[in-house]
Amino acid sequence: MLAKPLNRALNQRIRDHLNAYLFISPFFILFAVFGVFPMIFTAWVSLHKWNIVGAKTFIGLQNYKFIMEDPYFWKSLYNTFSIWFLSTLPQLFFALILAFLLNQSMLKGREFFRISVFLPNITSVVAVAIIFGALFGQHYGLINYALSLLGMDPIDFRSSVLGTHLAISSMVMWRWTGYNAIIYLAGLQSIPNDLYEAATIDGATKRQQFFFITIPLLRPMIIFTIILSTIGGMQIFAEPLMFSGPGGGSQGQGLTITLLLYEEAFARQAFGYASAIAWMLFFIIVAFSLVNMFFAKKLQSAD
Amino acid sequence: MTRLSASFNLGRIGFYTFLILVTALSVFPFYWMYIIGSNVTAAINQFPPAMIPGGRFIENLIKVYENVNFNRALINSFVVSATLTVSVLFFCSLAGFAFAKLNFRGRNVLFAFLVGSMMVPTQLGLIPSYMIISKLGWLDDLRAVIIPGIANAFGIFWMRQYISSSVPNELLEAGRIDGCSTFRLFWNIVVPAIRPGYATLGIITFMGSWNDFLWPLVVLKDRSVHTVQIALKNLNGAYYQDFSMILAGTVLATLPILVIFLLFSKQFISGLTEGAVK
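Keeping their order, the protein sequence lines are chains A and U.
Just so you know, full-length UniProt numbering puts 75 at position 75 of the first sequence, and the rest follows in order with no gaps.
Just so you know, full-length UniProt numbering puts 272 at position 272 of the second sequence, and the rest follows in order with no gaps.
Rather than coming from a laboratory, the hints here were simulated on the basis of the structure.
Yeah, the Cβ is synthetic: ideal placement off N, Cα and C, and Gly gets one too.
Do not take every clue at face value.
Computed, partial: chain A to chain U, Cβ under 7 Å [to be verified]:
| no. | residue |
| --- | --- |
| 1 | 26 |
| 2 | 39 |
| 3 | 41 |
| 4 | 140 |
| 5 | 143 |
These stretches of chain U come out as covered by chain A in the derived footprint (C-beta under 8 Å, 3 or more residues) [claimed, not checked]:
| no. | stretch |
| --- | --- |
| 6 | 56-70 |
| 7 | 73-84 |
| 8 | 205-211 |
Pulled out of the complex, with its shape left as it was, chain A reads as follows (with noise of 0.2 Å):
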């Protein structure tokens, strides 16, 4: 008399299971084919000499050496450090600012404050980059006639490895600063207001607040962002492409590890070397993330 109700359960539990494996199932064929299986192929890949055609010799770890040896590597990790040094800080401090404004009770507008903000991350990168291309232009661009009411000459923002690295910053500060900022917000919302009504009552001012309450309750979110941006920094391609053009301009003031992993496989068809710079930059990724990640915990256990 119970074998049948048992027997129910059993056959529900199975159907269960292989509902929750069907249902699952595309994701992982998908990050089979296009994540898992290209990843140990690349891996395969930079052991060889590859070239179009598919004529290919194993050198085993030749790549990785003429790696180390390429001064255009060298430039292309320096240039993306750079990079990713001048838009993260200012774009993270400004953030968490903006977000402590937006939070203020006595805020009038905050929709619109709020859309406003998130609005240039829906823009794409290349036209990111179009925009800030002719703002910076050396003869005529925007900011240079800022500059010269101030009484200063013209730069060649171009040409200059610093001007350059400048100009393709502000363009990922303009786009994720307003995200950034929405991100802490969301964090801001979950931290009790009697916290501040507390420090309030107890004589600390806003600025107080902000470094002490603030700051120390967003710092899983902060953490969050950070690795967030070392990982779209590393990677960073369509705006040094687009404002320095191939090759990252004449003396590669623009080149970044992508940029450069993109050329020697797309233009220069050496698919085993940019296999191999495709691994070193996913460990520099790594790397780079638990860097950060070890600061950023250190931060926290400061106070």
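Start from chain A and add chain U according to the hints.
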């Protein structure tokens, strides 16, 4: 008392000044894009540059159409983004439902794996993915940018969080007792309950695919399959001097996404802030 309120007012003025300044900085490039796009390039090249919109937007657009097949690119982008959005919403909510509400062996391990997969940069698989697409004969075929993206880890993660917190278990159990199959539970109970979540993830997906650049650049070489971003890049590369034409094209490429965003912006922003804390 008066001193206190005076300093309070001063703080308030500074507060709004700062916010308005940031808003202006956020919006100005959009405005400036239209100024250049609606003037002749010479008007921009003078000192001081033009600061108000001109009347040449249509003429500039006609020049855009002489250089690239922008309508084709717009249609391609719409087809890709719409197909991807619908399939991502379906497959990610289905998988998110399984992770949130169904018990199965290996659930936690698979979910951890899924979250970890988000760390892998697309560049790592770029070359083999290109080879796979070329073996499948999908180079210069929109399927090359659609099929690999019909389900993604971020969407599943997001949907799992959303479904766990917004679909009560009792509702699902009641459905079970009524004899619903697992898919019926999903279709009749979960899908109607997560509409706001669909709105937010849908916009994220649509924007992401509309703005995608590296992968389409690699697999869509022929003009007939170019997306808006690739068309824009070509416009910029080929005619470097004619800023007015290039920016008129940029306005056109940005407009659809701007309209969609402004239509849904309220739900989108609140969905984003809620989704992040859940």
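**Message:** Run through the hints listed earlier and report the numbers of any the structure violates, in increasing order.
**Reply:** 5, 6 and 7
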